[in-house]
Amino acid sequence: MADIVTVRDLRKSYPDGFQALNSVNLSIREGEILALLGANGAGKTTLISAICGIVNATSGTITVGGHDVITGYRAARRLIGLVPQEINLEPFEKVINTVRFSRGLFGFQRNEAHIEKVLRDLSLWDKKNSRINELSGGMKRRVLIAKALSHEPRVLFLDEPSAGVDVELRKDMWRVVERLRQDGVTIILTTHYIEEAEAIADRIAVIAKGEILLVEEKAALLQRLGKKQMVIHLQTPVRDIPMELERYNLDIGPDGSLIYYYDTRGKRTGITMLLSDLAAAGLTLRDVQTRQSSLEDIFVDLVQKDA
Amino acid sequence: MNLTAIRAIYVFEMSRTFRTLVQSVVSPVLSTSLYFVVFGAAIGSRIETVEGVSYGAFIVPGLIMLSVLVQSVSNASFGIYFPKFIGTIYELLSAPASFVEITAGYVLAAATKSLMIGLVILGTAYVFVDITILHPVWMLTFLVTTCLSFSLLGFIIGIWAGNFEQLQLVPLLIVTPLVFLGGSFYSITMLPPVWQTITLFNPVVYLVSGFRWSFFGTSDVSIGYSIGAIALFTIVCLLIIGWIFKTGYRLRK
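In the order they appear, the protein sequences are chains A and B.
Counting from 11, one number per residue, gives the positions in the first sequence under this note's numbering.
Counting from 37, one number per residue, gives the positions in the second sequence under this note's numbering.
In case anyone wonders, no lab produced these hints; they're calculated from the structure.
Mixed in with the good hints, there may be bad ones.
No more than 25 Å apart at the CA atoms, straight line, and that leaves these computed lysine-lysine pairs for BS3-like [stated by the list, open to error]:
1. K150/A <-> K120/B
2. K104/A <-> K137/A
3. K150/A <-> K137/A
4. K150/A <-> K138/A
5. K104/A <-> K282/B
6. K181/A <-> K228/A
Quick look at which bits of chain B chain A covers, simulated, 3 or more residues with Cβ under 8 Å [said to hold, decoys possible]:
7. 37-50
8. 130-139
Fair warning: this is a prediction, and the values are worked out from it, not measured in the lab.
For every residue, glycine included, the Cβ atom is placed at its ideal position computed from N, Cα and C.
Model the full assembly from the supplied sequences, consistent with the hints where possible.
Shown next as structure tokens:
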């Protein structure tokens, strides 16, 4: 697939010397869902803001749909929808008017059918004539999404969409994201909820201290960095690793079980050998569990390594 | 040109105006009526005619200018300051709209509101005094240009202002004194010679003088200077706004 957003050597430093982005390179493929993972202050919002034109980059180039975001800002920005992290809405205006406003601002002719569809998809149609300040926090977030979708973006940025959102709305939002993906919309989502990235993203980019540490297919990332654990519960809990098993990569669990670490990428996992050696050592199995490391483990690992 | 964007901003801003219609229109009409009662009826009855015009009628152009200038500055400054304050500015900055279009939307909306107020005050004036407008086309031209140019000034103030206090500061400390000292309620020929010279540095003098000329055919300074002053003022405001959007001053980090 072709790249729809490319970021080349992007830097952003502030007058006080703070380097928010440090030589960021990133290519986003058309139609994918990319999760940008990072801790608070890692540079996620700054990166998005530079792409959308809210922050002036210090150096580097950004193109969206082949248009430079500075020299070809009209063409580039017409493709972009942005759902900001903060709930920024005109409090006294009606829902439908703020959504119409967004469409017009982006240079699209009035299209009431499209506005209605967007509002219905986000369960906002019943609230269309409510003033923003009468809505709950979750509803306001939906309005922000409706505003961004009102101008039919090809690239949608969701900046921390699940911050302060209940489970129901989060699931609703994932459904909307899935529908957009089917329409071919490229979605970039920043989050520090790893489960969110794990649930909906195709690729994961990890950013820390203004640098992209890695960009990878989610599945490949999980596999590449994914270590597996096998927890072996024994009939009689042990305190020490038996001599016969010393050559295995084993730990003692808190309940006297054995924990075996292995790598799914390896040719052999060593499980068969271990089990027969267990029997030879006279240990009886009660239960066996395996666990794959989650994105969260990987993420914590990466960021710690970097720190 | 993204005309749709201009229209979207204009419609959105006008919707705010109509939402607050009572506060927007009733309060200037009320305060102007008070001026007519105090200056026109109570004090004016003891003042001879000024340049052949009864004092009550003489102050009408000045009163309209007073409201229009203050309203233009405060409408336009609030119009752009509010999105900054509540954070909706992100949408303007990320929209495929140029600074010309964004400015046009906000300034046209602010100017429309002050024009409405100016005309309502003119209507109110007819209730209190007899006035005939000698040059109606020029009167409207002056009125519209003033609304636009001071809305531009307001727009700049709204972008510059970092808090509500600064937002009120310029209208209160600069615009109102300039209007009061700009010959709204008197002819500058009534001043001592030194003050007449100093007054010529006040841009509002040219506006009020030209506007009054369109009503009564008499003016403190020549009409050409008035037109030149408005044009110059408008150009300076446009240049400043151009610079603001180019550098992102107080808008883009």
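Violated hints, by number in ascending order, as checked against the structure: Hint check: 5 fails alone, others pass.
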